[in-house]
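Enquirer: I would like the entire structure built from these sequences, with the hints used as guidance.
Note that my numbering has the sequence shown beginning at 2, numbered continuously upward.
Take every hint as true, because none was put in to throw you off.
Distance windows between CB atoms, simulated: (1) 69 - 32: 45 to 51 Å; (2) 77 - 26: 31 to 37 Å; (3) 69 - 3: 19 to 25 Å; (4) 30 - 77: 36 to 42 Å; (5) 70 - 23: 45 to 51 Å; (6) 61 - 12: 21 to 27 Å; (7) 13 - 77: 17 to 23 Å; (8) 31 - 11: 19 to 25 Å; (9) 34 - 71: 40 to 46 Å.
Just so you know, these hints were derived from the structure itself, not from any lab. Fair warning: this is a prediction, and the values are worked out from it, not measured in the lab. Just so it is clear, CB atoms sit at the ideal spot from N, CA and C, and this is done for glycine as well.
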Amino acid sequence: MTAALITGPALEPVSLADVKAHLRVDASDEDALLTAAIVSARVHVESATRRVLIEQGWRIYYDAWPRRRIVRLPVAP
Numbered sequence: 002m003t004a005a006l007i008t009g010p011a012l013e014p015v016s017l018a019d020v021k022a023h024l025r026v027d028a029s030d031e032d033a034l035l036t037a038a039i040v041s042a043r044v045h046v047e048s049a050t051r052r053v054l055i056e057q058g059w060r061i062y063y064d065a066w067p068r069r070r071i072v073r074l075p076v077a078p
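Expert: Below you can see the structure in the form of structure tokens.
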């Protein structure tokens, strides 16, 4: 079985403005770093829990039809 992400999330669960407010950062020098940290944190949580936090589109490819006709999804909604 191979799972492929077709459409990623349209937005992140936490906004850049929320993160900057939490960290008490006013300047925009670190915006790219903070945005990357937000994406990295979401991906880590989704991979550790095997659940998606934001709506995404996945396509699953099987080599053969599953036994007992039960299709197990690699990620849960």
